[in-house]
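Each protein sequence line maps, in turn, to chains E and X.
Just add 904 to the spot in the first sequence (first one is 1) and you have our numbering.
Just add 741 to the spot in the second sequence (first one is 1) and you have our numbering.
Hints are computed from structural coordinates only; laboratory data are not their basis.
Bear in mind the structure is a predicted one, so any value in this text is a computation, not a measurement.
Hints are supplied without guarantee of correctness; some may be wrong.
[Said to hold, decoys possible] With a straight-line Cα cutoff of 30 Å, these simulated DSS-like cross-link-like pairs (lysine-lysine) come out:
id: 1; chain 1: X; residue 1: Lys843; chain 2: E; residue 2: Lys950
id: 2; chain 1: E; residue 1: Lys998; chain 2: X; residue 2: Lys843
id: 3; chain 1: E; residue 1: Lys987; chain 2: X; residue 2: Lys843
id: 4; chain 1: E; residue 1: Lys987; chain 2: E; residue 2: Lys998
id: 5; chain 1: E; residue 1: Lys1181; chain 2: E; residue 2: Lys1128
id: 6; chain 1: E; residue 1: Lys1052; chain 2: E; residue 2: Lys1034
id: 7; chain 1: E; residue 1: Lys976; chain 2: E; residue 2: Lys1066
id: 8; chain 1: E; residue 1: Lys998; chain 2: E; residue 2: Lys950
id: 9; chain 1: E; residue 1: Lys976; chain 2: E; residue 2: Lys950
id: 10; chain 1: X; residue 1: Lys843; chain 2: E; residue 2: Lys942
id: 11; chain 1: E; residue 1: Lys950; chain 2: E; residue 2: Lys1083
id: 12; chain 1: E; residue 1: Lys1128; chain 2: E; residue 2: Lys1170
id: 13; chain 1: E; residue 1: Lys944; chain 2: X; residue 2: Lys843
id: 14; chain 1: X; residue 1: Lys942; chain 2: E; residue 2: Lys976
id: 15; chain 1: E; residue 1: Lys1034; chain 2: E; residue 2: Lys1121
[Claimed, not checked] Computed footprint of chain X on chain E; a stretch qualifies when at least three of its residues, placed anywhere within it, have a C-beta under 8 Å from a C-beta of chain X:
id: 16; segment: 910–921
id: 17; segment: 924–938
id: 18; segment: 959–971
[Stated by the list, open to error] Listed below are several chain E residues computed to face chain X (Cβ distance under 10 Å; list not exhaustive):
id: 19; residue: Lys942
id: 20; residue: Val945
id: 21; residue: Lys976
id: 22; residue: Lys998
For glycine and all other residues, C-beta sits at the position ideal for the given N, C-alpha and C.
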Amino acid sequence: MILALTIVELWQSSWPAGLIMLGLGGGFALVLLIASIKLKVEVDPKIEQVHQVLPGLDCGACGFAGCSQYAKAVSENPELIGKCAPGGAETADKIATVLNLQISESGAPKRPIIHCRAHTSDRTYYGDYKGIPSCTAANALANVQACKFGCLGLGDCTRACKFDALHVVDGLATVDYEKCTGCGACARTCPRHLIEMVPFTYEHMMTVACRNRETGKVTRSMCKVGCIGCGLCAKQSELFSVEENLARIDYENYAPGEQTDAAMNKCPTGVIIYVGKNAPPPREKKARTASAKKDSLNKQ
Amino acid sequence: MDTLTTLLLGFISIVIINNLVLTKFLGICPYLGVSGRIDMAFGMGLAVTFVVTLSGTLTWLIDHLILMNPSLAYLHLEVTRYVCFILVIAGAVQLVEMYIRKFFPSLYESFGIFLPLITTNCAILGLCLFINLWGIDSFPQAVVLSFGAGIGFTMAICIMAGIRENLTFADVPESLQGAPITLITAGLLTLAFMGFAGMIKG
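Hey, can you work out the whole structure from these sequences and the hints?
Right, dumping it as structure tokens:
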């Protein structure tokens, strides 16, 4: 009875307050509703999507004020991907999906191709480089290695990669295509511009793994696996063209077939190789030259 | 005193003598948090000025027309004063946020989380309650006081930002670098402004 009385009293004394709050709240809701329509800001839907896959902790570990700032920054500059510490690799993957990083304009995922295939034993060195262990620093020296175009193997790209997908193996940067997300950070960091982002229309792609524009003789003198610009590949397949003593592949019309395989096999230095997931291993070095000669000699 | 003099004195009083930040110690968090760069401090000051003017005016109106209306006195509506004020402030902040986002995107970016935090800026709620406490019963005076409070906040935060920008080049002892020297600066600034106390007589 007493309880019922107090409830009635409570109601009688509190309904005006409730009504006021309701009225004020409703009024402000109306004003804000009109304002939100009138002052609507068109936000890039991608930024919204990226924001949604972020953890939403606003922790600032990425170096930005909060998740929304990071979402904006990473949408504009995909190189910032992988800075989200709480989200880790999973979030980075999701952001990559949202931003279509793997997809080029033609719909194929973009992946880096390294235009060099010379390991330490293939190169010619004038001396030991003992300077700052960075490609950018080494690149400033004229004679750090004989080839002015080849991989320096000091790992600037490895440090740029946030996905542990690039490693220097025996003096040559090598992409782990299983881990690569195609963010392109390596391509931007390489001081010799050896890394090209190529739309992978197939699981593995053929590439001319060299950037050397010296004449064939000079190239031969400094690298065992450089492109000498002989043009044998261009004679086999229209996909290949030779400019400035260097064979190139037209990736826009890329279609592997018998002709391209023939071009690969004709290549005297074996610089045309497959890269990518499950890529066929490159032909044994000098298989066509030295050992083939030896075989023919043995037969005789 | 005629009305104009009252308004003018009220304005000077709230800006310099009864400055909410420097003498009432309200709104310290943005005062120390956003005073790193002078342009951002100025932007923050303007946003707070807008919010405090709007909410001060609105709350005075609500207070006098509804909550403290003598014909409604039997309903004891003044108990809802705090909640109503917070509601008004939150609504005004939302409005400002939308406006800044639309017309000053770069300012919106640099504010980040501090913009929604104006809602909980105690200087604003403080001003709304002070207007009541001081028994301000004319509408123009309430508007001038609200606006003056915002200007006072802007002035305080801009002075602080200016000093802090120069502090970067000062030879501060290692143990005092960062937050300690900022707090010392704030204290000295407050001391200086305390000197204005008693400037307006009568």
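Would you pick out the hints that fail for this structure and give their numbers low to high? 14 and 22
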